[in-house]
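Novice: What follows is each chain in one-letter form.
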Amino acid sequence: DTEVTQTPKHLVMGMTNKKSLKCEQHMGHRAMYWYKQKAKKPPELMFVYSYEKLSINESVPSRFSPECPNSSLLNLHLHALQPEDSALYLCASSQEGIRDEQYFGPGTRLTVT
Amino acid sequence: AQRVTQPEKLLSVFKGAPVELKCNYSYSGSPELFWYVQYSRQRLQLLLRHISRESIKGFTADLNKGETSFHLKKPFAQEEDSAMYYCALLIYNFNKFYFGSGTKLNVKP
Numbered sequence: 001d002t003e004v005t006q007t008p009k010h011l012v013m014g015m016t017n018k019k020s021l022k023c024e025q026h027m028g029h030r031a032m033y034w035y036k037q038k039a040k041k042p043p044e045l046m047f048v049y050s051y052e053k054l055s056i057n058e059s060v061p062s063r064f065s066p067e068c069p070n071s072s073l074l075n076l077h078l079h080a081l082q083p084e085d086s087a088l089y090l091c092a093s094s095q096e097g098i099r100d101e102q103y104f105g106p107g108t109r110l111t112v113t
Numbered sequence: 001a002q003r004v005t006q007p008e009k010l011l012s013v014f015k016g017a018p019v020e021l022k023c024n025y026s027y028s029g030s031p032e033l034f035w036y037v038q039y040s041r042q043r044l045q046l047l048l049r050h051i052s053r054e055s056i057k058g059f060t061a062d063l064n065k066g067e068t069s070f071h072l073k074k075p076f077a078q079e080e081d082s083a084m085y086y087c088a089l090l091i092y093n094f095n096k097f098y099f100g101s102g103t104k105l106n107v108k109p
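Note that the protein sequences, when read in sequence, are chains A and B. The letter at position 41 of the first sequence is residue 41 when you use this note's numbering, and the numbering goes up by one with no holes. The letter at position 46 of the second sequence is residue 46 when you use this note's numbering, and the numbering goes up by one with no holes.
Isolated chain A, as found in the complex:
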């Protein structure tokens, strides 16, 4: 399996909801990433996990909470989001760290109402 998978593909949530985005890879990669991509903008790095430890947190608001239960799985827990958080959320993985080639998932399209 040489793909990064993300579920769900689309998510619509209210500002008071709690939801989670899921990312999975079975390439044996030890680094996983969350990016946020607004329309017509480049991806912006949010979090990096390396060997299941949070190594980079780009000053992301606490309403986004990442979790890496094991080296193959990465979650992004969402709570009390704002409409401006609506975006495409991309997951990526790489062999060991941020110097390595990143393999991207297809993204989850999130709409906050």
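A couple of the hints might just be wrong.
Below, simulated DMTMM-like cross-link-like pairs (lysine to aspartate or glutamate); rule was C-alpha separation at most 20 Å, straight line [what the hints assert, rightly or not]:
#	chain 1	residue 1	chain 2	residue 2
1	B	K96	A	E52
2	B	K9	A	E44
3	B	K96	A	E44
4	A	K9	A	E44
5	B	K15	B	E80
6	B	K96	A	D100
7	B	K96	A	E101
8	B	K57	B	E20
9	B	K104	A	E44
10	B	K57	A	E101
11	B	K15	B	D81
12	A	K41	B	E8
13	B	K96	A	E96
14	B	K96	A	E58
Worth flagging that the hints you see were computed from the coordinates, not collected in a lab.
Following the hints, position chain B against chain A.
Specialist: Here is chain B on its own, set in the frame of chain A:
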């Protein structure tokens, strides 16, 4: 502060013409530069990185520290090169990774 600048939002060339996608970066130390590409309805994927010095799909890019540039070049564009191209900068010592705003390349028949 804009760390990676791609001045062209859209670049249109004819098939067989040379193509150059510009990328400039802001960093005085030792950067690591990448080009990522996204073809229509496909995922973002790595095209090449400066440390490997490879030519991928006929594309090359040379890091010019004097001009702080990492322009992507191909001598003869093909229609299948039409895609969105992102230049990316890694500042390893500070754990910072930035994508440029992207250039959409359109190769016309």
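Novice: Against each hint, give a clear statement of whether it holds in the structure.
Specialist: For each hint, the structure was consulted:
Restraint check for K96 of chain B and E52 of chain A: the C-alpha separation of about 19 Å stays at or below 20 Å, so the hint holds. Between the alpha carbons of K9 of chain B and E44 of chain A the distance comes to roughly 18 Å, so the proposed pair stays at or under 20 Å and holds. The straight-line distance between the Cα atoms of K96 of chain B and E44 of chain A is roughly 11 Å, inside the 20 Å bound, and the hint therefore holds. Only pairs whose Cα atoms come within 20 Å are accepted, and K9 of chain A paired with E44 of chain A is accepted, the gap being roughly 19 Å.
With a CA separation close to 10 Å, the supplied pair K15 of chain B and E80 of chain B stays within the 20 Å bound. For the suggested pair K96 of chain B and D100 of chain A, the alpha carbons sit about 14 Å apart, so the restraint of at most 20 Å is met. Proximity of K96 of chain B to E101 of chain A is assessed by CA-CA distance (about 15 Å); at most 20 Å being required, the pair is judged to hold. Using a Cα cut-off of 20 Å, the hinted pair K57 of chain B and E20 of chain B holds, with the two alpha carbons roughly 14 Å apart.
Note on K104 of chain B and E44 of chain A: the hinted pairing holds, with a Cα-Cα distance of about 18 Å set against a maximum of 20 Å. For the proposed pair K57 of chain B and E101 of chain A, the alpha carbon gap of about 17 Å is at most 20 Å, so the pair holds. For the given pair, K15 of chain B sits about 9 Å from D81 of chain B by alpha-carbon distance, which is consistent with the 20 Å threshold. For the hint linking K41 of chain A to E8 of chain B, the alpha-carbon distance of about 14 Å falls within 20 Å, and the restraint holds.
For the hint linking K96 of chain B to E96 of chain A, the alpha-carbon distance of about 16 Å falls within 20 Å, and the restraint holds. A C-alpha spacing of about 9 Å is found between K96 of chain B and E58 of chain A, which places the hinted pair at or below 20 Å, so the restraint holds.
The earlier numbered hints are all upheld by this structure, with none contradicted.
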